[in-house]
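Student: Please construct the entire structure, taking both the sequences and the accompanying hints into account.
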Amino acid sequence: MALLVIKRDACTGCGLCIQVCPFGALALDSENIITVSEACTGCGACVPECPTGALSLPEVEKKESSHLDIYQGVWVWVEQFNGRASSISWEMIGEGKRLAEKRGTILTACVLGHEAEPIAREAIAYGADRVFLVDDPTLEVYRTDPYARCLVELVKKYKPEIFLLGASTRGRDLAGAVATYLYTGLTADCTGLEIEEGSNLLLQIRPAFGGNIMATIKCENYRPQMATVRHHVFEMPVPDQTRQGQIIREQPVMLEEQIATRVLDLMVEKNEVNIADAKIIVSGGRGLKGPEGFTIIHELADVLGGAVGASRAAVDAGWISYAHQVGQTGRTVRPDLYIACGISGAIQHQAGMRTSKIIVAINKDPEAPIFQIADYGIVGDLFTVVPALTRALKKRLNK
Amino acid sequence: MQAIVCIKQVPDTTEVKIDPERGTLIREGVPSIINPFDTYAIEEALRWKEKLGGKVTVITMGPPQAISALKEAVAMGADEAILLSDPAFAGADTWATAYTLAVAIRKIGSFDLIFCGRQAIDGDTGQVGPGVATQLQINQLTYVCRISSLDLEQKRIEVERLVEEGKEVVQSTLPCLITVVKDINQPRYPTILGIRRSQKVQIPTWTSKDLEVDPKLIGLNGSPTRVVKVETPPARAGKCQIMQADSVEQQAELLAEKLLAEKIIV
Ligand SMILES: Cc1cc2nc3c(=O)[nH]c(=O)nc-3n(C[C@H](O)[C@H](O)[C@H](O)COP(=O)(O)OP(=O)(O)OC[C@H]3O[C@@H](n4cnc5c(N)ncnc54)[C@H](O)[C@@H]3O)c2cc1C
Ligand SMILES: Nc1ncnc2c1ncn2[C@@H]1O[C@H](COP(=O)(O)O)[C@@H](O)[C@H]1O
Numbered sequence: 000m001a002l003l004v005i006k007r008d009a010c011t012g013c014g015l016c017i018q019v020c021p022f023g024a025l026a027l028d029s030e031n032i033i034t035v036s037e038a039c040t041g042c043g044a045c046v047p048e049c050p051t052g053a054l055s056l057p058e059v060e061k062k063e064s065s066h067l068d069i070y071q072g073v074w075v076w077v078e079q080f081n082g083r084a085s086s087i088s089w090e091m092i093g094e095g096k097r098l099a100e101k102r103g104t105i106l107t108a109c110v111l112g113h114e115a116e117p118i119a120r121e122a123i124a125y126g127a128d129r130v131f132l133v134d135d136p137t138l139e140v141y142r143t144d145p146y147a148r149c150l151v152e153l154v155k156k157y158k159p160e161i162f163l164l165g166a167s168t169r170g171r172d173l174a175g176a177v178a179t180y181l182y183t184g185l186t187a188d189c190t191g192l193e194i195e196e197g198s199n200l201l202l203q204i205r206p207a208f209g210g211n212i213m214a215t216i217k218c219e220n221y222r223p224q225m226a227t228v229r230h231h232v233f234e235m236p237v238p239d240q241t242r243q244g245q246i247i248r249e250q251p252v253m254l255e256e257q258i259a260t261r262v263l264d265l266m267v268e269k270n271e272v273n274i275a276d277a278k279i280i281v282s283g284g285r286g287l288k289g290p291e292g293f294t295i296i297h298e299l300a301d302v303l304g305g306a307v308g309a310s311r312a313a314v315d316a317g318w319i320s321y322a323h324q325v326g327q328t329g330r331t332v333r334p335d336l337y338i339a340c341g342i343s344g345a346i347q348h349q350a351g352m353r354t355s356k357i358i359v360a361i362n363k364d365p366e367a368p369i370f371q372i373a374d375y376g377i378v379g380d381l382f383t384v385v386p387a388l389t390r391a392l393k394k395r396l397n398k
Numbered sequence: 000m001q002a003i004v005c006i007k008q009v010p011d012t013t014e015v016k017i018d019p020e021r022g023t024l025i026r027e028g029v030p031s032i033i034n035p036f037d038t039y040a041i042e043e044a045l046r047w048k049e050k051l052g053g054k055v056t057v058i059t060m061g062p063p064q065a066i067s068a069l070k071e072a073v074a075m076g077a078d079e080a081i082l083l084s085d086p087a088f089a090g091a092d093t094w095a096t097a098y099t100l101a102v103a104i105r106k107i108g109s110f111d112l113i114f115c116g117r118q119a120i121d122g123d124t125g126q127v128g129p130g131v132a133t134q135l136q137i138n139q140l141t142y143v144c145r146i147s148s149l150d151l152e153q154k155r156i157e158v159e160r161l162v163e164e165g166k167e168v169v170q171s172t173l174p175c176l177i178t179v180v181k182d183i184n185q186p187r188y189p190t191i192l193g194i195r196r197s198q199k200v201q202i203p204t205w206t207s208k209d210l211e212v213d214p215k216l217i218g219l220n221g222s223p224t225r226v227v228k229v230e231t232p233p234a235r236a237g238k239c240q241i242m243q244a245d246s247v248e249q250q251a252e253l254l255a256e257k258l259l260a261e262k263i264i265v
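The listed protein sequences correspond, in order, to chains A and B. Sequential numbering of the first sequence, starting at 0, is according to numbering that gives the first Met the number 0. Sequential numbering of the second sequence, starting at 0, is according to numbering that gives the first Met the number 0.
Check the hints yourself; a few may be wrong.
[Claimed, not checked] Some chain B residues close to chain A (C-beta under 10 Å, calculated; not the full set):
1) Glu-167
2) Gln-170
3) Asp-209
4) Lys-228
5) Thr-231
These aren't lab readings, by the way, just hints derived from the structure by calculation. Every residue gets a Cβ at the ideal spot worked out from N, C-alpha and C, and that includes glycine.
Tutor: So this is what it looks like as structure tokens:
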């Protein structure tokens, strides 16, 4: 379902567009004229490259946009569980504050829960100027329907310009429903947000295609501009307990008997591994050859006071549990130090760890892509290198 | 049990290589597969059909060649398949995709459950499932790792959902939409019999004319979001210092020095 329109008589067969197509969707046919395959996503990268204007995308109907000006302010949904806010929400408050300042507007936090006023106060300390607090027993545990309807009503009433949610399981679940109700755009799993000069639109940058490409996405004609943001992409702001803000109480929109779902239980994982918050992570991959390989990884992590991570290959092989997986389909981490042992550094793995402050790679293959993003590396057999490093550090740390 | 499974055909992103000179994706020879998460959705629907009777219908919105994904699902055991294909659907973002799928599901008629994968590996959004549920005004249960009970008479379902803190046990009414994670099952391979059936099965193609869609809400025109730029991610600035020494022991000593100098380890 390629979208690209090709004016055959204008094409000179120069091939410039082929070089810029990120999807390899363009080729020259037997008459030396450009053809497009189904791989085309209509991204438009080729259009400005064509010196003769032979390429175009179909005109999109212009929408009346003056009514959009009444949408103002930046909003963040504050996720809470068991009366505690999740750290991803504070990261979003920090980033939301930055965007609000750029737009010359205020930052609003939406806190839904039961007896959640302390969280509303915390939100102000982290940077919110205003908090909508919906406090009700029906909102104690997260459920899609009562949460989504509540946010939809708030958006309809107060009309924000930008609305950010964390890309956690709850955030993705909620954002998908809210954006659909509101008929507005939603960009998933952003790793960068900017305000475009001139248009003042939100530029939403996200990896797609398993991290192989970065796409910039805009939502021009609909409001609010909604995005979910990955954990540990933005810095955690420092709370200031003296900050002042306004707390506005709002009413829930659903009664318990109208809600068709019940949360019966939560089975908390025993000896839960929280690699997401670790300052130091030592990770192992397929190079460990088996579950026993993780012994030396644990030993190094212990000396460093760090946590143990893993590549998907190691998790899929059943050597370690999914909770340890770093990457696109695992956790995003941003430690001060990430040591990758026997991990090739596939783009999907990098997607979860490339923003680490210092990256160390230990791999016997000097060509492994992990070395391209590492700060320090040892090319060698991890079964000798890792224990040697553990010993060297132990000696220096007097352990 | 009437089940509808939404599947997507995607390029196998593990096979994608980057052209180092041009920085573009090399897609030649990259096979198209059923989105891996969707195979778990198909499997789960089939297992419950085998237990409770009924029918499994798979649908996809995509180009004509997406029919091969539907055939594969039939070879696994799906009863019916429908392709939604029309140039007017092209350029759809998750909103317009969910809208089109929801209209098609209404046309299919009554159902107890809709199954989706947790996300597609090309777009990676996980937004289409919640979108479809909201369009149809039914409950959604995302990231499901186990369906512990399904009672068609009482119209009740109980599932375990994989959330950050562990597993959440949730009960809901039917009909509802669930998105599945890979812990839920081990998808089967197509059988010889299934493959034979898939070669003969008639798969109808529904275009925008066959569906009661609002033309303003489909394809590029119906999509609130626009991709305005696509690029390959920039390489990380850090130049890798490789520890060079005569022995592993010395290499390790060197690295330990460097790490301590970074003042991260305390
Ligand atoms: C949709 C999708 C999502 C994905 N999500 C993720 C994800 O979240 N996280 C993730 O990690 N992957 C993910 N992947 C998989 C990813 O593409 C790679 O397959 C995976 O990361 C490879 O893991 P690995 O580096 O451990 O294994 P390999 O690529 O096999 O690399 C093993 C490395 O170990 C080295 N080695 C072997 N023996 C030794 C030794 N004795 N000493 C030193 N070095 C040695 C080898 O040189 C090699 O570089 C995903 C893939 C897809 C398609
Ligand atoms: N074009 C499509 N046709 C049918 N189902 C789809 C389509 N796109 C997405 N889905 C379903 O929605 C899920 C999530 O996809 P996504 O939101 O793109 O990550 C997939 O696992 C599929 O079950």
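Student: Does the CB of Lys-228(B) sit less than 10 Å away from some CB of chain A?
Tutor: Hint on Lys-228(B): holds, closest Cβ of chain A at ~4 Å, below 10 Å.
Student: Would you settle whether the hint for Asp-209(B) is holds or violated, based on the nearest Cβ-Cβ distance to chain A being less than 10 Å?
Tutor: For Asp-209(B), the interface hint is violated, since the closest Cβ of chain A sits about 16 Å away, which is over 10 Å.
Student: Does the interface hint hold: is Glu-167(B) within less than 10 Å of chain A, judged Cβ to Cβ?
Tutor: holds, 5 Å
Student: Checking hints one by one. Is Gln-170(B) an interface residue toward chain A, by the C-beta closer than 10 Å rule?
Tutor: holds, 5 Å
Student: Double-check Thr-231(B) for me: the hint is only fine if its C-beta lies closer than 10 Å to a C-beta in chain A.
Tutor: Holds. Min distance 6 Å.
Hint 3 from the earlier list is the only one contradicted by this structure; the remaining hints agree with it.
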